[in-house]
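**Student:** Below are the chains, spelled out letter by letter.
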Amino acid sequence: MNTLNVQLFDLTTLLFGGASGTYIAAMYGKKETLARIGTWICVAAAVISTVALGVRWAESYQMGIGRIPVTNLYESLVFFAWSVNLFYLFVEWKYKNRTFGAFVIPIAFLTMLFAFTNESSIQPLVPALQSYWLHAHVITCFVGYAAFAVSAGVAVMYFLKARQEEAKTEKGVIGCFPSTKTLDDLVYKSIIWGFPFLTAGIITGAAWANYAWGTYWSWDPKETWSLIVWLVYAAFLHARITRGWHGKRAAILSIVGFLATIMCYLGVNLVLSGLHSYGS
Amino acid sequence: METASDVRAERISASGAIEREQTKPVAIRIWNFLISKKLAIWNLILLAVTSILGTVIQQNQPPEKYRQVYEDWAYNLMDRINLFDMYHSWWFLLLLCLFTLNLTCCTMDRLPRAIRTVRKPKLTLDDAMEKSLPQSERWQIKGDIPRRAEVCKAAIARLFAAPKVTEADGVVHLYAEKGVYSGFGAYATHAGIVIVFIGAIIGNVFGFKSYVNIPDGKEASHLDARGGEEHVNLPFSVRNNRFWVETYPSGQPKKYASDLSVIENSREVLRKTITVNDPLVYKGVWFYQSSYGQEGGATAQVAVSRQDGTPLGSLSLRPNEPVRIDGYGVVRGVNYEQDFQGNGPALQLVIEKPGRPASNLWILQGRSDLDHRRKDSLVFSFGGLTAKMYTGLQVAKDPGVNVVWLGCLLLTAGMMISFFVSHRRVWIRLSPGPHGKVEVAAAGSANRNRPALEKTFASILAEVRNDLTKTEKENPA
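One line per chain: the protein sequences are A and B, in this order.
In terms of my numbering, the first sequence opens at residue 103 and continues consecutively.
In terms of my numbering, the second sequence opens at residue 3 and continues consecutively.
Some clues are possibly wrong.
Capping the alpha-carbon separation at 30 Å, the derived lysine-lysine pairs in DSBU-like fashion look like this [said to hold, decoys possible]: (1) B:Lys39 <-> A:Lys350; (2) A:Lys273 <-> A:Lys132; (3) B:Lys122 <-> B:Lys133; (4) B:Lys457 <-> A:Lys324; (5) B:Lys390 <-> B:Lys257; (6) B:Lys457 <-> A:Lys198; (7) A:Lys324 <-> B:Lys257; (8) B:Lys122 <-> B:Lys39; (9) A:Lys196 <-> B:Lys180; (10) A:Lys291 <-> B:Lys256; (11) B:Lys39 <-> A:Lys283; (12) A:Lys324 <-> B:Lys67; (13) A:Lys324 <-> B:Lys122; (14) B:Lys67 <-> A:Lys291; (15) A:Lys324 <-> A:Lys283; (16) A:Lys291 <-> B:Lys390; (17) A:Lys291 <-> B:Lys180; (18) B:Lys399 <-> B:Lys285; (19) A:Lys324 <-> B:Lys166; (20) A:Lys198 <-> B:Lys180; (21) A:Lys283 <-> B:Lys40; (22) A:Lys350 <-> B:Lys40; (23) B:Lys133 <-> A:Lys283; (24) B:Lys124 <-> B:Lys67; (25) A:Lys291 <-> B:Lys26; (26) A:Lys283 <-> B:Lys26; (27) A:Lys324 <-> B:Lys39; (28) B:Lys377 <-> B:Lys390; (29) B:Lys457 <-> A:Lys196.
Covered, in the sense of this in silico footprint (three residues per stretch, anywhere, with C-beta under 8 Å from a C-beta of chain B), are these stretches of chain A [said to hold, decoys possible]: (30) 108-120; (31) 152-164; (32) 255-267; (33) 337-345.
FYI, nobody ran anything at the bench for these hints, they're computed from the structure.
Glycine is no exception: its CB is placed at the ideal position from the N, C-alpha and C atoms.
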């Protein structure tokens, strides 16, 4: 029998699945009502997952090992999905357009599905992670990752829309997308939120490493990949204002940036070896 | 961050410059290459792509390890191009140098222009500018220019920022701006990156990273440098009073701790228990809990007492090391068994008394009564083995680290400014219009976040119009 927090997270997974399906159905069926239901499911998922994080935090204290619930793979995946959902809801509210949901919420859903296959029990913290830097480091990184996820989802929409605009048609599902100008703007806006958070994440990580190991940068694979992500988005920011590089090329960099983010976040732990093994 | 208008400007100049590029002197072509954003983009991409290599190929492993994985020719080739320590290879450093050069040249090229726009803002609105700006409007009102100008000035100051007023040939220009430092964000970020590099160089030149293992109760001032670098002799020494491990009930490690003392001129000047996330600092040298282990062989603790039970003390026996007991003989611990014939841990002793053959016996842990039966003058009881631990300390001195943090602060602040602060400018021009009226022209621009400017501009205009109409009614000129 799983503890309450895990049950709530399982429920959140179902809700994200439901919201993904609803958004996609709304997009194909062009039903605004459906899309609105999708939004409400996402709001419910946001509330339930927030409660679940709180419950998990409280449960860790009851077990006598109280610590913030962002310290192993399961928790980080859940926290990532939580951040993506909140960031998405903010964007939806700000841009008053629900078509993004079909491209962003599935990312949260897949993340939760992956979390579901991982060990979900609350484990005590290994000595290396017992630091207040943990909070600042993990939270900044994940807000950054979430922003990049939204940006990549919108960049895919940009491609589809750009192709249609070139063909000068307004047909089908893609016809309902916002204009490439709006999409490009949103890709950029998400990144300018994500980039300072990633930067802060790298810096807090460096400060922590310096405090725990005596070196702020050791070219460990996780560090290096976070730098790669940073470099790709830095390239994006410059590309967007450079002749011959804005538009499609910048959108490619946004998608490449998110792939690098996934590599940094999961690939390094699953494929490469290093200091960030999520305590496993 | 550059702005869309910069893109436009570049496009215009570039389209005219293409044919001329070939005829330009080499020095200027090199300079144009060094300040180009394309170089920046390619540099960032190249750094990103090459950095991947070092995460796929494990770095700084001993040669044998690579030879197991790679064929001879592949190993030689990879070794030749420093792929096993690529982040310190000449070509990676060259890329970083090019990157820094690009940053510096860009700043040299563009910063003066940015400073000029701040120090010498365009105070007047001419027709060409009015047409080129995204926000502009014109209308006519009654009244005289100076009074109308006062009203406009007050309205802009109230809603936006205090305007500068210039008057020429009976035409009054009002100019107000906000977020003027927005254009410096990018330079702060770029300077921050260079400062981080400088900090890293300072750390590399004047600092050290080293490592030392100190057994319990011992002190050390000589450090082994890692990776074959020079050794370090500290002007003080560090004593490890004790190292220990705490575990959770499940057996997982909870805490690694070393009780350390700093000894200077034979005096203890500082004492602190360090744990993994809590180092000790003395005179700029940081000591981090990094590893631990068992030091040499274990020692056997043996309590000695007389037949009548009077305790005489205890012995610490190292393997096979003879210990003399005056008036008795020499005792050696020669063997240890975890479980001696099903009776638990036991120690084998060899006792040599003068003029007698050596005797050989096993003593069980916690069973002094058994040795009592031997009817010897002394009774030995085995208290168990104690393993002597050592603590592994990472020792580092990095005088550049604060420079690095300063750079980080600057680059983050610069980033926020360049992303979120917009340089918004508003002009109003009052000039004599037809039929004795005053012609009002208003225009606005922003280097980013145009929608926000549209709102601000609209509200300023509404206020200005409202005030002008109001004063028009109150005292029609």
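**Student:** Against the structure, test the hints numbered earlier, and report the numbers of the ones violated in rising order.
**Tutor:** 4, 10, 13, 14, 15, 16, 19, 24, 25, 26, 28, 30, 31, 32
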